[in-house]
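Participant: Residue numbers (this note's numbering), protein chains in the order written: chain A, 12 to 354; chain B, 12 to 354.
You may find that some hints are simply not true.
Claimed, not checked - Computed footprint of chain B on chain A; a stretch qualifies when at least three of its residues, placed anywhere within it, have a C-beta under 8 Å from a C-beta of chain B:
1. 41-49
2. 88-97
3. 256-265
Note that these hints are calculated values from the structure, not bench results.
Here the structure is a predicted model, which means the values were calculated and not measured.
Cβ coordinates follow ideal geometry from the N, Cα and C atoms, glycine included.
Each chain, written out:
2 protein chains.
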Amino acid sequence: MLAEFDLIRRYFMSSQEAMTASNGVALGCGDDATLLVPQAGQQLAVSVDTSVVDVHFPREAPAFAVGHRALAVALSDLAAMGATSRWCLMALTFDQRHFDSDDAAHRWLADYARGFHALNQQHATTLVGGDVTSGALSIGVTVMGEVPAGKALTRGGARAGDLIAVTGALGGGAGGLALWKQGERDLAHPLLSRYLLPQPRLAAGLALRGLATAALDISDGLLADLAHLREASQVGAVLDIAALPLAEGLESALGQKAALQAALSGGDDYELLVTLSRDNLAQARQRLAPLGLALTVIGRCCEALGVSVSDQTDLGGTDLGGKDLGGYVSGYAGWQHFSGEAP
Amino acid sequence: MLAEFDLIRRYFMSSQEAMTASNGVALGCGDDATLLVPQAGQQLAVSVDTSVVDVHFPREAPAFAVGHRALAVALSDLAAMGATSRWCLMALTFDQRHFDSDDAAHRWLADYARGFHALNQQHATTLVGGDVTSGALSIGVTVMGEVPAGKALTRGGARAGDLIAVTGALGGGAGGLALWKQGERDLAHPLLSRYLLPQPRLAAGLALRGLATAALDISDGLLADLAHLREASQVGAVLDIAALPLAEGLESALGQKAALQAALSGGDDYELLVTLSRDNLAQARQRLAPLGLALTVIGRCCEALGVSVSDQTDLGGTDLGGKDLGGYVSGYAGWQHFSGEAP
Numbered sequence: 012m013l014a015e016f017d018l019i020r021r022y023f024m025s026s027q028e029a030m031t032a033s034n035g036v037a038l039g040c041g042d043d044a045t046l047l048v049p050q051a052g053q054q055l056a057v058s059v060d061t062s063v064v065d066v067h068f069p070r071e072a073p074a075f076a077v078g079h080r081a082l083a084v085a086l087s088d089l090a091a092m093g094a095t096s097r098w099c100l101m102a103l104t105f106d107q108r109h110f111d112s113d114d115a116a117h118r119w120l121a122d123y124a125r126g127f128h129a130l131n132q133q134h135a136t137t138l139v140g141g142d143v144t145s146g147a148l149s150i151g152v153t154v155m156g157e158v159p160a161g162k163a164l165t166r167g168g169a170r171a172g173d174l175i176a177v178t179g180a181l182g183g184g185a186g187g188l189a190l191w192k193q194g195e196r197d198l199a200h201p202l203l204s205r206y207l208l209p210q211p212r213l214a215a216g217l218a219l220r221g222l223a224t225a226a227l228d229i230s231d232g233l234l235a236d237l238a239h240l241r242e243a244s245q246v247g248a249v250l251d252i253a254a255l256p257l258a259e260g261l262e263s264a265l266g267q268k269a270a271l272q273a274a275l276s277g278g279d280d281y282e283l284l285v286t287l288s289r290d291n292l293a294q295a296r297q298r299l300a301p302l303g304l305a306l307t308v309i310g311r312c313c314e315a316l317g318v319s320v321s322d323q324t325d326l327g328g329t330d331l332g333g334k335d336l337g338g339y340v341s342g343y344a345g346w347q348h349f350s351g352e353a354p
Numbered sequence: 012m013l014a015e016f017d018l019i020r021r022y023f024m025s026s027q028e029a030m031t032a033s034n035g036v037a038l039g040c041g042d043d044a045t046l047l048v049p050q051a052g053q054q055l056a057v058s059v060d061t062s063v064v065d066v067h068f069p070r071e072a073p074a075f076a077v078g079h080r081a082l083a084v085a086l087s088d089l090a091a092m093g094a095t096s097r098w099c100l101m102a103l104t105f106d107q108r109h110f111d112s113d114d115a116a117h118r119w120l121a122d123y124a125r126g127f128h129a130l131n132q133q134h135a136t137t138l139v140g141g142d143v144t145s146g147a148l149s150i151g152v153t154v155m156g157e158v159p160a161g162k163a164l165t166r167g168g169a170r171a172g173d174l175i176a177v178t179g180a181l182g183g184g185a186g187g188l189a190l191w192k193q194g195e196r197d198l199a200h201p202l203l204s205r206y207l208l209p210q211p212r213l214a215a216g217l218a219l220r221g222l223a224t225a226a227l228d229i230s231d232g233l234l235a236d237l238a239h240l241r242e243a244s245q246v247g248a249v250l251d252i253a254a255l256p257l258a259e260g261l262e263s264a265l266g267q268k269a270a271l272q273a274a275l276s277g278g279d280d281y282e283l284l285v286t287l288s289r290d291n292l293a294q295a296r297q298r299l300a301p302l303g304l305a306l307t308v309i310g311r312c313c314e315a316l317g318v319s320v321s322d323q324t325d326l327g328g329t330d331l332g333g334k335d336l337g338g339y340v341s342g343y344a345g346w347q348h349f350s351g352e353a354p
């Protein structure tokens with residue numbers, strides 16, 4: 012039986028040496044609590060996300076991806092605030108009985124920790140607290156970032172007339188899940204990678220500070236998350252379905268109709284959904300270009316509450332009729348994590 | 012099926028109105044992240060604790076107690092740092108299938124939230140973030156407190172010659188668990204209450220700032236937690252077993268031997284274990300008196316590493332021989348949560 016202290020020490024405190032005053036860590040892991048030094052003039056952005064086996068990721072997912080993904084979905088919330096990620100805490104609940112041997116459990120933990128640490132490192136984030144408990148596999152990650160007072164991107168700043176835009180491409184999360192269910196296991200597959208190794212858009216969130224009027228990350232699906240933005244900002248939205256940037260390979264993998272469905276209602280894309288004035292679009296795109304990230308306009312905010320789709324003349328080459336599109340928009344409420352089911 | 016957003020809104024955002032600038036909350040729940048305003052000159056003390064059903068609390072425990080306890084064990088870490096509790100985040104994983112009906116699930120959640128909120132309120136702590144997911148019942152609580160730079164109580168400050176003392180009484184957590192297993196269900200029973208409704212010693216931690224040289228909370232059992240303190244401070248300890256303050260009713264409930272065992276190695280007491288110089292003892296006791304909390308000297312720190320027990324002449328009226336005591340000290344390593352078993 013692995014002991015808690017050993018586990019924590021062996022796999023999760025390797026970043027200990029990296030804890031220095033420059034990381035804002037005054038006292039690192041190993042005491043009752045960690046002591047952090049927030050920077051003057053900064054607000055602290057905090058959020059927690061739980062990833063549960065068989066709800067948020069498949070039991071057979073590679074341990075590296077489980078560690079990466081649990082952290083990524085939490086960091087994505089900081090990205091959506093335009094915050095700089097600083098610190099995180101990780102609560103791992105882990106059932107050793109799922110493994111044939113202590114060795115197998117150790118291998119899983121080592122891979123899991125590798126995935127977690129690698130993403131932390133990529134985003135200059137320090138693991139400053141943790142807990143390892145026995146039970147059904149789940150990971151709770153608390154992330155802490157900083158943002159200058161008054162500069163955070165919220166959900167409530169969209170105004171009628173603002174453009175609605177998304178970073179990157181949509182539908183990859185749901186597309187990857189569909190492929191996983193069909194037996195695809197190659198993490199290098201672009202869709203599977205979108206699903207299991209999502210990239211939190213922290214640099215994009217920073218770049219859009221001062222330009223976007225509102226932002227959130229697409230975790231529940233475009234329509235569901237747009238609904239959150241509409242409600243918080245008290246605006247309506249007109250969507251140009253034909254403009255949705257579909258993830259690479261999505262249409263050929265799922266077919267046109269399911270691909271559109273994935274982009275509209277599939278969860279787990281972790282792209283940013285933002286609103287901004289038309290005047291700022293060019294500058295926003297310029298700032299995202301060095302990140303290799305497109306910013307695609309997919310609609311605009313309007314005064315009439317609710318969401319509608321642009322008429323067929325705006326739909327470009329798609330052969331979907333207006334009636335079908337209405338069906339998409341009203342028929343998919345977006346992913347509800349609590350149901351434990353993909354939409 | 013209960014939807015995640017409804018759940019969070021209904022049960023956990025009631026404290027929303029309480030979020031004001033005076034709580035240090037610049038932007039409350041409902042966005043991607045919450046924005047907090049740390050106070051200048053303060054360090055941030057952060058810690059996370061997971062409570063898992065059937066590991067940390069029984070499945071049949073009253074929902075009120077589950078909510079209270081999950082928060083209490085996390086707050087206890089802030090108490091041990093001498094920090095003032097400010098904010099917390101709660102990740103609840105919850106399996107609706109364990110309930111006969113939606114109504115039963117709602118009742119459980121309402122009671123759970125009541126227990127959580129009541130303790131938060133008692134300690135002026137604001138719930139600033141949460142996540143509700145579907146899965147085996149477990150609760151991850153991240154707590155955030157503040158402490159003036161350089162004033163935190165750590166595990167590493169004990170020096171040879173310091174007294175070792177504990178707040179309140181020991182063994183109640185393990186005693187309550189033993190009674191629970193025997194069928195006791197009355198939360199008003201002092202031992203059961205110690206187990207299921209532990210009181211984090213936040214006021215005591217604050218009061219001992221500037222007097223205690225080291226501190227931690229007793230969650231794993233006195234001997235195990237003393238070992239953490241000894242290791243961090245690089246000191247040894249001589250314990251006066253006869254001086255251990257046993258929880259009220261513990262000896263009559265368990266018998267003398269099991270009571271001592273519970274005090275030495277039972278987990279879940281959540282009292283503070285502190286070291287301090289003999290010169291500061293009277294003042295420390297004076298500060299704790301208004302809290303109705305005793306501070307009992309149970310030993311002293313020494314240079315020789317390891318732990319030993321005082322010889323029989325120091326043991327007062329107890330009829331336990333030195334050999335038996337040695338057995339206690341070497342035989343119980345304290346609670347290891349990861350094993351999922353009480354010692």
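Participant: A separate judgement is required for each hint: does it hold in the structure or not?
Facilitator: So, going through the hints one by one against the coordinates:
1. 41-49: Per the Cβ count (9), the hint holds.
2. 88-97: holds (count 5)
3. 256-265: n = 0 at 8 Å, threshold three: violated.
Hint compliance for this structure: hint 3 alone is broken.
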